[in-house]
Structures are given as structure tokens and as C-alpha cells.
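Asks: One-letter residues, chain by chain:
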Amino acid sequence: MSSASVPPPGSDATGAGDPYAELLVELDRSVQAIREAALRLKKAADGMQAVERNADRVLASTRMLEINVSDILRDSDGFASWDDHRE
Amino acid sequence: MSRTPAKAPAATYWNPILETMPLERLREVQFRKFRRIVTWAYENSRFHRAHYEAAGFEPGDLRSLADAALVPKVDKGHMRGIQRKDPFPYGDMLCVPLERVTEFRQTSGTTGQAVYQADTWQDWEWWAESWSYLLYAQGYRDTDRVFLPFGYNIFVAFWAAHYAAEKMGCEVVPGGVLDTEARILKMQELQTTAMMATPTYVLGMAETAHSMGIDPTRDLAVRRITCAGEPGASIPATKHRIEEAWGAKVYDHCGATEIGAWGFECEDQSGGIHVNEALFLAQVEDLETGELIEEPGRRGKMIITALDRIGMPCVRFDSKDVVEWGEEPCSCGRTFRLFKGGVVGRSDDITKVKGVLLAPSAIEEVVRSFAQLGDEYEVEVTKRGDLDVISLKVEPAPGVDLTGPAQDDVLRGLKDQLRLKTNLGYKVEVVEAGSLPRYAVKAQRFKDLRKVNG
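Protein chains in written order, with the numbering used here: chain A, 1 to 87; chain B, 1001 to 1454.
It is worth saying that the hints were derived from the structure and are not from the lab. Don't take every hint at face value.
[Unchecked claim] Pairwise CB distance ranges, derived in the manner of DEER restraints:
| id | chain 1 | residue 1 | chain 2 | residue 2 | range |
| --- | --- | --- | --- | --- | --- |
| 1 | A | Arg53 | B | Gly1176 | 43 to 51 angstroms |
| 2 | B | Ala1011 | A | Ser30 | 15 to 23 angstroms |
| 3 | B | Glu1288 | A | Ala45 | 35 to 43 angstroms |
| 4 | B | Lys1167 | A | Ala33 | 18 to 26 angstroms |
| 5 | A | Arg53 | B | Asp1061 | 51 to 59 angstroms |
| 6 | A | Ala33 | B | Glu1058 | 31 to 39 angstroms |
| 7 | A | Ile34 | B | Glu1380 | 53 to 61 angstroms |
| 8 | B | Tyr1152 | A | Gln32 | 31 to 39 angstroms |
| 9 | A | Arg53 | B | Val1431 | 52 to 60 angstroms |
[Stated by the list, open to error] For the chain B half of the interface with chain A, some residues (derived, Cβ under 7 angstroms), not all of them:
| id | residue |
| --- | --- |
| 10 | Arg1032 |
| 11 | Phe1104 |
| 12 | Ser1108 |
| 13 | Glu1125 |
For each residue, glycine too, the CB sits at the ideal point set by N, CA and C.
Just chain A, with the same shape it has in the complex (with noise of 0.2 angstroms):
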């Protein structure tokens, strides 16, 4: 993959360390927030459908969450929203 060095015009790429290092920790706290209760939502629906399914709803909602932020920051072992097994 070509890789060059300068960056674009108008980026905040500059190189100069992280500029959203912070940001990006917050915000994956919070997402990792979200995703736990709602497996636990699930876990607890005990098969009640409008509970269930709304759960997963928020789940792939959540997923989306984690790539804008989470994926930036680590590497995980699966990435299907309902595995409650993954890390």
C-alpha cells in the first residue's frame, strides 16, 4: 500500500501526536458501557421477544459505535453484536 508521508491540505493529521487520544478513550468507555447492559438486557429478557429483539437492535446500533471508535483503538476476537463471549 502506498503510504505518503505528507498529509493532505486541511488535515489534523500533522503527526504531532494524537490530537483525539483522549477522546477516543472516553467515548470507547462509553460504548463498551452500552454494549454490556445490553447483553445484559438480553441475558435477563429471559426469551421475551420485545425485549429480545430490541436488545439485538441496540447491539448492531452499538457495533457501528465501535467501528467509528473502538476498532480504532484495539483489535477484537470476533465482531458479531450478539456474541457475548467475544473480548
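Assemble chain B onto chain A, guided by the hints.
Replies: Same frame as chain A, now just chain B:
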């Protein structure tokens, strides 16, 4: 968002962190995600495991992005070969239990038997996410009232655009089963500000509007049009025609059922489309040698991976799209690389005529650069004895009298430009206005009849 760095305002990018990420870091994120989707496919799909094992590859072989080329490619032929088998009807490329599939779509079958595509709800969210990146980059905001004049059927078309526009807070008007006239009237009634369709359909709508006594530039409020499904919006002459007809900015978008919404033109329109490198890994291969092309200025075909699509993963998919890397970073500030001129053709469309490689889009660029000519044209390649013959039919533009010396002038200019742009000679005929076929969605204006005629 007060702690978002001031130079990359959240108002400019859907995700300023990923869209302006330094290239080195972006590649690192892409590699981690690439390794993850390859491992996912290997562990969850019998097809992928067998495909990789047959090539002597396993995910542990991936140590850097340079190793991506070790992963065997997949093409439509593979997908056609496994579908209608278990798990029915998708076959063993599926990586999730069937009960996780919530969406069925299929390709239009333009290049052969239609391919089925399964998506989970998570994938469908991902489709909308990828469309959100592109619509935001094209200036769509929650103040837009967006009209979607497409068929809402088994083809993915603008379905995900609908969900993305909703997510972004736009007001979405579905123009589903309405005919073209009814759609135009509804757009006029609601004063919709944006729309999305194929370039062919957008041009056809303008023609229909005029036949109804409606001038889109004066009587409608559309100021932003996103085109997809055909290369027209990246062909300068076609883009210009659409912008003139609608009084709107026209943006290109590239995507495919099997891949996702992978590319977009941004508001700066610096002559290319961005690859959404947060969600996709695109590679360009030389058409003949298969060598990876990293530098600008050399055309090749795009091999692409959707990094987060899990139901039926798209890993190293041979898109057949012909592209070339752009030379300069875009002035919009995104570090996502550009394909210069968008998708310039398809490797299975580019054909040898009289020993010369011909891309149909080059003919469109020439024809539509003549203001005296209408939007429609038709090209037929036939064989007379051992010789290839290219016949081109064009129509006069509405209200233009193309007879006598005026016709001679246009024909002369057209033939000269075609020879200049394609290095080929053409038999050109001006036919009666309105006599060439009109297409509702994707046009088929280029017909190679040499094989048909034996």
C-alpha cells in the same frame, strides 16, 4: 464535542478521526481489521476455509498489509457456483446461522446469472453507516428533504441510502412505485432538496419534466444529486449535462451489492472518488500481470475487501472495476485515497476493437460533450468479413435542427474527437430525436455483436 480538535470540525466529516487519520495509522487499523475479517471468514464459512486451504493459505500467514495479496481472491463465479445450495439459498459462503439473516438482495444480473446476497441486521446497519460517510461528505444534512425515485425491490440500489439519510436526520420521501411524471410532481409539491438515482434516470427525468412544462432548474428545488449504478457522474460531459439540466451539484458514488458502498465523491470534487478506507481495503492489480499497482497513473482492476461485513463477507473480491490511484491528496482534508476519474470502466467491458482497447465510457464522454446532441446514443460493434465495424447512432438535442451543413459539421467534429479519444474510426449516423431506446435504470448503450453473429 468541545474536545474535538478545532481544525477538523465535526461539521465537515462524518467521522473526523478516521477520515483525517494519518496514513500510517490508517493502514495499521486497516490491517488489523483485514486480518480479523479473513479469520472470521476462515473460521465461519466452509467455502472460505476450503478456498484458502486449496491455495495453501491460513490467516496466521498475515503479518502485514503487504501479505494481503496472499489471500486468494473471490469473484462472482465463485458466488454463482455455491448459491442455491445449503444453507439455502446462499450456499456455504454464509458465516452466520440463517436465522441471523434479515435482508435478501440480489445483483441485477447485468453480467450474467444474478448473485444472491445475505445480510444480517448488523450488516444492514453497516450499509447505512457506509452511506452516511458518503452522504455527509456530499453535504447532506438534517435540513435536507431527500427524494428517492427507485423501485424499492430486490436490488440493493438506494435502499441503504434511505436508511442512512434517516440516520442523518434528513426527511426521506420514498418515490417507490410512482411513475416518472408522478415523481416529478411529488418533488415539485414537496420542494425536495436532494435526490439519488442512476445518471441515465436523472437525465431521463429532466427530459420528462420538460415535456410536462416543468423546468427542473426553475420549478424544482433539487440542489444536490447523488448518482450511482453507472459511471456517468464521473464522466465530465455527463456530469455537466445533469448539472445544467437540474441546476444542482452532482456527486458520484460507487458501490456494489457484493461489496457495499465503498466510494464517494466529496464536496470539493477534486476529480476523483475517495475510497472509504475506514470500512474497506482497496487494492489495484495490473489487468494483465496481476501485479499490485501502488502508484498513480496506471490503470488496473480493483480488488476490494469490506472490513466489517459479516453475514457473507466480501474478502479480496475481484470487482472488475477499472481504476487508477489519483496523484494528489484531496483538498477536503480526508486522507482516504482517491481514484482519479472514478471507475473508468469494467475489465469485462473493455474490449478490443480493431486491436485497440476500447472503454465504452470514452464514447459517452465525447458524445455528451456536443451540445447539439441529445443524451441518448447507441454503439454497435459488428464484424464485416475480418474487419470490426463500430456504428454509432446519435440524436439531435431537443429543439436543435441537425440537417444539412449543421449535421455535416457535427459529424465531422464527432468523428475527429472520437478518433482522438479512442484511436478508432466510427460510422456515425444522426437519427430522429426520440427514436433511440430510453432506459429506466441502467442503460445498455454499448452492444458488441461480434460474438452473437458468430
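Asks: Are the hints correct? Go through all of them and say.
Replies: Results for each hint:
Judged by the Cβ atoms, the range 43 to 51 angstroms given for Arg53 of chain A and Gly1176 of chain B is violated: they are separated by roughly 26 angstroms. Against the hinted window of 15 to 23 angstroms, the Cβ-Cβ separation of Ala1011 of chain B and Ser30 of chain A comes to about 22 angstroms, which satisfies the hint. A C-beta distance of roughly 57 angstroms is found between Glu1288 of chain B and Ala45 of chain A, which places it outside the suggested range of 35 to 43 angstroms. Checking the proposed 18 to 26 angstroms range against Lys1167 of chain B and Ala33 of chain A shows it holds: the Cβ atoms sit about 22 angstroms from each other.
For Arg53 of chain A paired with Asp1061 of chain B, a C-beta distance near 40 angstroms fails the hint of 51 to 59 angstroms. Checked against the hint of 31 to 39 angstroms, the pair Ala33 of chain A and Glu1058 of chain B passes, with Cβ atoms roughly 36 angstroms apart. For the hinted restraint 53 to 61 angstroms between Ile34 of chain A and Glu1380 of chain B, the CB-CB distance of approximately 58 angstroms keeps it satisfied. Range check, Tyr1152 of chain B to Gln32 of chain A: Cβ separation about 36 angstroms, and the 31 to 39 angstroms hint holds.
Separated by about 57 angstroms at the C-beta atoms, Arg53 of chain A and Val1431 of chain B satisfy the suggested range of 52 to 60 angstroms. For Arg1032 of chain B, the interface hint holds, the least distance from its beta-carbon to any beta-carbon of chain A being 5 angstroms, beneath 7 angstroms. Using the Cβ-Cβ criterion of 7 angstroms, the hint placing Phe1104 of chain B at the interface with chain A is not satisfied: the shortest such distance is roughly 17 angstroms. For Ser1108 of chain B, the interface hint is violated, the least distance from its beta-carbon to any beta-carbon of chain A being 27 angstroms, above 7 angstroms.
Hint status for Glu1125 of chain B: holds, given a least beta-carbon distance of 5 angstroms to chain A, under 7 angstroms.
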